[in-house]
Amino acid sequence: MTADAATIWTVIAGLAAGTFLIRFSFLGLFGQGSFPEWALRMLRYTPVAVLPGLVAPLVLWPQATQGETDPARLLAALA
Amino acid sequence: MLTSVNAAIRRGLVDGLPFLLVIVPFGLLFGVAGTGAGLPIAQTMAFTVLVIAGAAQFTALQLLQDNAPVLVILLTSLAVNLRMAMYSASLAPHLGKAKLWQKGLAAYLLVDQSYALAHPAFEAETEAPLANKLAYFLATMGTIAPAWYLATYAGARLGAAVPEGFALDFAVPITFIALIAPALKTLPHVAAAATSVALALALSWMPFSLGLILAALAAMAVGAQTELWMEKRR
Chain V
52 MTADAATIWT VIAGLAAGTF LIRFSFLGLF GQGSFPEWAL RMLRYTPVAV
102 LPGLVAPLVL WPQATQGETD PARLLAALA
Chain C
64 MLTSVNAAIR RGLVDGLPFL LVIVPFGLLF GVAGTGAGLP IAQTMAFTVL
114 VIAGAAQFTA LQLLQDNAPV LVILLTSLAV NLRMAMYSAS LAPHLGKAKL
164 WQKGLAAYLL VDQSYALAHP AFEAETEAPL ANKLAYFLAT MGTIAPAWYL
214 ATYAGARLGA AVPEGFALDF AVPITFIALI APALKTLPHV AAAATSVALA
264 LALSWMPFSL GLILAALAAM AVGAQTELWM EKRR
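Going down the list, the protein sequences come from chains V and C. Letter by letter, the first sequence follows residues 52 to 130 in our numbering. Letter by letter, the second sequence follows residues 64 to 297 in our numbering.
Same shape as in the complex, but just chain C (with noise of 0.2 Å):
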């Protein structure tokens, strides 16, 4: 319940506590992933902090390694972060009356969980006042980020202690596919990601991971056009 600020900060923090057991093996995998990719800990870590977006992280990293040149790194990597633009507009009506500093401060920490957190709770209790929500959001996050960090940065020096050539460029691959394999949960999903990795093949002469961009603009519109057609069918 959203009654007070001190109640909205316990469930917060409360709330955001299972997501530790995503957040903390995902964190250390980076720094695992940054480390055997040749990244001194000083990059991992401003990966980890200024970006604080895993799987956009990762797609960087892995484009790095390729030798993309740096807009298709930034383009590629965006994109994947693009959907945090649907959650920045579906908590606009609830947090945009806060001050500035504190919508930039909650842009910084809106991630995959505290929007699934925040979002459904902010719904629930729409009249809630603005420092209530606010804290909530700000609360969900109270473990999370520092898990985030602290991961990380025993990721990166558990990386340097694995001897050289111990598979750990599998570990990215793997890690991608652990975060594709939930998000397959409706036919146009499906349908998107099968375009992706058909084009991605058959393009894959394209320089400069052109290739992948195009993939990715025409799985984006094969999975929009076929949620349009099974609603079209129902």
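Just chain V, with the same shape it has in the complex (with noise of 0.2 Å):
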């Protein structure tokens, strides 16, 4: 980790701040108002639009030596 510490715990509490803020948006602050269609849409999607282009990389260029047996065990995960 080359992070400083300063920058770590900024990201903590920016991180912890916006997802109280997502959880609690239409629980305390919007009132009982709902998505419009697409929107609901698009939100269905987003752990699935993140993570796998997340994680990509990281399986197929890994930074130590493990280089050739990572695909495989993605597919292995996935399979």
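Don't take every hint at face value.
Derived Cβ-Cβ restraints for the label pairs, each shown as a range [as the list claims (entries may be wrong)]: (1) Thr61(V) with Arg220(C): 19 to 27 Å; (2) Ala57(V) with Thr66(C): 46 to 54 Å; (3) Leu80(V) with Leu221(C): 36 to 44 Å; (4) Gly205(C) with Pro87(V): 29 to 37 Å; (5) Leu250(C) with Thr61(V): 35 to 43 Å.
Selected chain C positions facing chain V (in silico; Cβ < 8 Å) [what the hints assert, rightly or not]: (6) Leu127; (7) Val133; (8) Ala169; (9) Ala255.
Derived by calculation from the structure, the hints in this document are not laboratory data. Beta carbons: idealized from backbone N, C-alpha and C, even for Gly.
Got two chains here, separate frames each, mind docking them using the hints?
Structure representation (structure tokens):
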């Protein structure tokens, strides 16, 4: 980890506050409003839109010497 | 049954128990990964207690190691949590009339597991009193939240005992794969995931991990469009 402590604390604080606001949004801030259809459709896919893109470079281009075995493990894990 | 506050609490506590099988290993892994990445225990625990959202925590941890700028780390990790706005909206008709501090507490404890339990329970008993619904919701997290904190702590301590270079870096990709695999349940989910992988790799030349954000936006659109397309064909 090369990030300094202040940077990490900033990330923790920002992620904690932002996540709370997302969770509190309709319960506490916007009342009982609801999402338009298209927004609901997009939101359904947020985890599968972010996480695979994050993990793909880690598996294909690992920092260590494990390069070749990892795609096999990916396939095994998905099967 | 949400017939009384006591009954709701008992049922919530019992319903939450099976999720411990997922939460405990996940918490352990985050603890180990945090220590492996060089975080002091205080920072690992601050993530777990203040953010209380494993996938987003792993995302932030990975991007911190990639030296992405703070703004990109926050945008990407918060994007993982955007689904919770949907949870918040769908619980609002049931819990929206609670006191502000109660809604604050419920929002803090609004995670995949509590939502997965509470939403069908509330829909089945729409007329149940607010106090019973709130009691059920909070009780579902009665064991899950403490288990999450303790497992992370144990993992962080354990991580310190693992010798240097023990392939801990591989724990993070494996965790992500374990998170993604069960989510690939429909064609739109698969299409979104494939778009995310392809674009993230194709755009990896972009500075500051910006390629990942673009890939995620495109993947969300592809998922939504595939869903629309399948509905029209039906």
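Against the structure, the hints come out as follows:
Remark: the range hint 19 to 27 Å for Thr61(V) to Arg220(C) is upheld by a beta-carbon distance near 25 Å. About 51 Å separates the C-beta atoms of Ala57(V) and Thr66(C), a value consistent with the hinted range of 46 to 54 Å. At about 39 Å, the CB distance of Leu80(V) to Leu221(C) agrees with the hint of 36 to 44 Å. At about 35 Å, the CB distance of Gly205(C) to Pro87(V) agrees with the hint of 29 to 37 Å.
For Leu250(C) and Thr61(V), the Cβ-Cβ distance of about 39 Å falls inside the hinted range of 35 to 43 Å, so the restraint holds. Hint status for Leu127(C): holds, given a least beta-carbon distance of 5 Å to chain V, under 8 Å. The restraint placing Val133(C) at the interface with chain V holds, with a minimum CB-CB distance near 6 Å, inside the 8 Å limit. Nearest Cβ of chain V to the Cβ of Ala169(C): about 6 Å, under the 8 Å cut. The hint holds.
The restraint placing Ala255(C) at the interface with chain V holds, with a minimum CB-CB distance near 4 Å, inside the 8 Å limit.
Of the numbered hints given earlier, the model fails none.
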